[in-house]
Each structure stands twice: as C-alpha cells, then as structure tokens.
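Chains as they are written, first to last, in the working numbering: chain A, 1 to 248; chain B, 1 to 218.
Source of the hints: derived by calculation from the structure; they are not laboratory data. Any given hint could be a false lead.
To be verified - For lysine to any residue, the following SDA-like pairs were computed, each having C-alpha atoms within a straight-line distance of at most 20 Å:
id: 1; chain 1: A; residue 1: Lys64; chain 2: B; residue 2: Lys133
id: 2; chain 1: A; residue 1: Lys148; chain 2: A; residue 2: Arg82
id: 3; chain 1: A; residue 1: Lys64; chain 2: A; residue 2: His48
id: 4; chain 1: B; residue 1: Lys133; chain 2: B; residue 2: Gly55
id: 5; chain 1: A; residue 1: Lys148; chain 2: B; residue 2: Ile48
id: 6; chain 1: A; residue 1: Lys64; chain 2: B; residue 2: Ile48
id: 7; chain 1: A; residue 1: Lys64; chain 2: B; residue 2: Ala47
id: 8; chain 1: A; residue 1: Lys64; chain 2: B; residue 2: Pro53
A quick note: this is a predicted structure, and the numbers were derived from the prediction, not measured.
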Amino acid sequence: MTGTTPASGLHLPRYLREPDVTRTPVGFPDYRSTGLRAPLRTPVDLPHRLTEITGPVLGEDRVKPEDADLTLRNGGEAVGQRILVYGRVLDSDGRPVPDALVEVWQANAGGRYRHVVDVFPAPLDPHFDGLGRVMTDSLGRYEFMTIKPGAYPWGNHHNAWRPAHIHFSLFGRAFTQRLVTQMYFPDDPLFGQDPIFNSIPAAARHRAISQFRLERTVDNWALAFEWNIVLRGADQTPFETEDDGDVA
Amino acid sequence: MTIDPLDVPDVTEPYQPLPGRSRSTGFLTEPLRLGTSPSATVGPYLAIGLTWPDGTWAADEGVEGGIWVRGRIFDGADQVVPDAMVETWQADPDGGFPSPEDPRGASSYPGFRGYSRVATAQPPGEFAVHTLKPGRVPDGEGGLQAPHIDVSIFARGLLDRVVTRIYFADEAEANAEDVVLRGLPEDRRATLVAEPTQDGYRLDIHLQGEHETVFFAV
Ligand SMILES: [Fe+3]
C-alpha cells in the first residue's frame with residue numbers, strides 16, 4: 001500500500017484533535033493577559049493538507065551534549081535540588097516519536113528567570129541559565145539533568161504564584177503536532193490558585209504533572225521525575241481502504 | 001480506549017514512518033488513544049528557550065529569489081504585541097516540502113529550510129522572515145492551493161498557539177481558486193493576504209478587533 005490514490009492524487013493522514021472537554025482553550029478569563037490577546041472569533045476548520053501534515057526536520061546539529069545537563073554552566077554548578085527529568089514522547093496512538101527535538105526552559109531554584117523582564121528580587125545563579133535541549137532516541141525517550149525550579153510571583157492577581165514548572169517545546173513530525181507545554185511537579189500546593197494550571201480542563205490536568213520515581217533517582221546525586229508527553233496522532237482509518245473518500 | 005499518558009506500556013519497537021503504513025505496522029496490536037499533553041502558554045520568558053540565532057532564515061541569506069516577509073501583531077487594544085514568537089512553515093518554489101512526511105517524498109531545494117522561528121522584538125515590534133516564495137501545492141481535491149505559508153503564533157496570554165496562513169496579493173488568480181480562501185467570507189479573506197513591498201511582502205496580524213485575522217483550527 002502506498003500513500004497515494006489515483007482519484008485524489010494524495011492520500012494523507014488526518015491528525016486527531018483533542019476534544020474540547022480536555023483541550024486547553026486559547027483564552028481563559030482568570031489569566032488576565034488573555035483578555036486582549038486570545039482571538040474572539042471561532043477559528044475556521046482547516047482540513048489537513050500537505051502543509052499541515054509535513055514539518056521541519058530539526059536534527060542533532062541544534063543540540064550539544066552539554067545541553068542535556070542544565071546544572072553545569074559557566075564553569076560551575078547551579079544551586080538547588082538536582083533532578084533527573086525523563087520520559088517518552090509518543091503520539092496519541094501510542095507510537096514513539098523518535099529523533100525529535102525537545103527544548104526546555106525554566107526558572108532557577110529561587111524562582112528567577114535569566115531574562116530582562118523578570119524583576120522578581122530573587123538572586124540570579126551565575127551557573128544556571130535555564131535552557132536545555134535534547135533529542136529523543138529511537139524509542140522516543142528523552143532525559144535531562146536540571147535543578148528543581150522555584151515558584152515565582154507574577155502579578156496576575158493578589159499574591160499570585162506560579163507552581164514550579166518547566167516549559168517544554170516539541171515539534172513532532174508534522175505542523176499539526178506542534179506543542180508548547182509546561183511540566184508540573186506532584187502535589188504542588190500552588191495548583192489551586194494558578195489560572196494557567198487551571199485553564200487545563202480538570203479531566204486533563206493530571207497529564208501535565210510529572211511523577212516522582214524513586215527507582216530512577218541517582219544515588220547520592222539527584223531525585224527523578226518522569227513525564228511522558230503525548231502529541232497528536234493520526235487517524236489511521238483512511239489507510240484501511242484505498243477509496244474511502246477521505247482526501248487530503 | 002483512553003489510557004493515562006503517564007502510565008503507558010513500554011516501547012519495544014522503533015517508530016514506523018507514517019506514509020503507507022497500515023494499522024499493523026505499529027508496535028501496538030490494537031488502536032490506542034492516549035490523551036494528548038495539554039498546551040500551555042510560552043509565557044514572557046520564551047526568549048530563554050526558543051530563540052535561535054538562525055531562526056529568521058527559512059531560506060539562506062543571499063539565496064536567489066530570497067524575500068522578506070514582515071509584519072506586526074496587534075492585540076485587541078490595537079497595541080503592537082512585543083513579546084510574541086512567530087513560526088512559519090511552507091513549501092519551496094516548486095511546491096515540495098523538506099519533510100519525510102510528504103507522501104511525494106522529501107524535497108531538497110538549495111538554500112531552503114522552509115521553517116522559521118522569529119520573535120517580535122521592540123523596536124520596531126515586527127517579525128521578519130527571510131524565505132522563498134512558495135509554489136503551489138496540490139489541495140488533495142484535484143486542484144492546486146495558492147502559494148501560502150502556515151503560521152503559528154505563540155505569546156504570553158495565549159494558552160495555545162494560534163494558527164493562520166499568509167497568502168500573496170499578487171497571486172489573485174491562484175487565490176481565487178484556493179480551497180481555503182474560497183471557504184471564507186469575502187470580507188475576511190483580506191486578513192490573510194500579504195501586500196508586496198520593496199523586498200518582499202508585509203502582513204499585519206490582528207489577534208482581536210474589527211480586523212481580527214482569520215485563525216484556523218488545525
Ligand atoms: Fe514560567
């Protein structure tokens with residue numbers, strides 16, 4: 001079987017969309033910045049054609065070995081609790097996403113980002129820049145060493161604090177699969193007051209929370225958290241027959 | 001069947017490429033539906049993780065036919081959004097994609113990557129992408145799409161990316177045939193059409209307001 005049919009010329013996969021009840025909305029009233037930014041009109045459905053089912057190949061040339069250890073920068077060791085963060089990148093039909101670029105960024109142990117607009121008066125760490133990059137292996141696995149980020153205040157509401165989190169960016173293989181997300185830590189007492197966390201529909205919030213894994217802690221060195229990331233998978237039904245009318 | 005993404009079976013076989021695969025080529029023997037990971041905002045500090053020195057170059061500097069596609073992003077108060085990230089993805093001038101997911105095969109067009117990632121930085125608060133004008137690609141319904149660029153916008157205040165397309169004003173004939181443009185009300189099509197400039201094209205994007213850009217659910 002090939003990916004083409006004579007009738008339509010092309011026979012393309014359709015990437016499944018997370019249902020509304022578990023998909024994070026673009027805007028969320030309690031997150032104030034969404035007010036003037038989240039589009040107000042209903043988005044127009046865009047069937048998946050060639051531009052949507054293809055995507056850039058971003059390879060190893062963007063990643064250096066030291067990018068997988070955020071605790072070592074500028075010739076010294078970052079302050080904070082060392083943690084190993086690991087997991088797998090899959091698509092929603094359980095297929096691993098291999099050789100995929102994973103980019104992460106985060107605050108330091110005190111909750112401060114190395115960024116000009118972060119004015120939270122917690123100290124910067126000369127040995128922590130908060131940037132990491134890794135590639136998934138042939139089975140979709142990734143891991144990196146970092147320090148546990150601190151919570152930080154952000155002014156959205158009185159005494160607003162972001163729960164500790166690590167930002168993740170992933171491409172998958174198709175434009176349709178692009179994902180920017182945040183990983184949280186188990187049992188964070190700040191979840192209840194955070195509108196960014198709570199913008200995730202309740203039924204899907206647990207997907208954003210990593211799990212503590214004693215068995216992967218590094219003896220005398222680092223704690224470990226597992227977080228599996230699921231990108232959109234393709235509907236395989238069109239591949240069952242050659243002429244089911246599903247066109248690109 | 002939905003399974004908790006935090007607790008999925010171990011993987012034992014490498015991924016099989018999408019085109020031409022059948023249900024039985026996966027490592028799982030039955031369909032599995034994992035809930036996808038929730039999207040989240042890039043926040044205000046995206047520059048730490050997502051800035052690439054070569055991000056602007058969808059096509060290499062100096063390549064024959066290179067154009068600059070520029071624009072600004074406006075919020076609902078008509079203020080320029082100074083902290084957004086724009087990503088673009090498009091076909092090469094022959095209508096091919098440098099992607100193994102293209103069922104026609106990955107194309108390889110000299111000096112062309114097809115992908116850009118740029119920030120809107122002040123001043124002047126605009127994004128600028130160096131690229132080649134895309135060719136027409138099949139629409140899968142027997143016709144050809146007009147030249148277009150797929151665009152994702154990420155920013156503080158957007159919990160998910162928003163997706164739009166850039167078309168070109170000097171492609172009136174192709175635009176009139178385009179399956180996506182044809183599906184839009186006439187008065188809204190203009191929000192996707194970039195105007196020629198001295199060195200390329202320009203299109204401002206409005207997240208909200210009277211001129212709100214057409215955004216797509218993909
Ligand atoms: Fe953050």
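Enumerated hints in conflict with the structure, sorted upward: 1, 3
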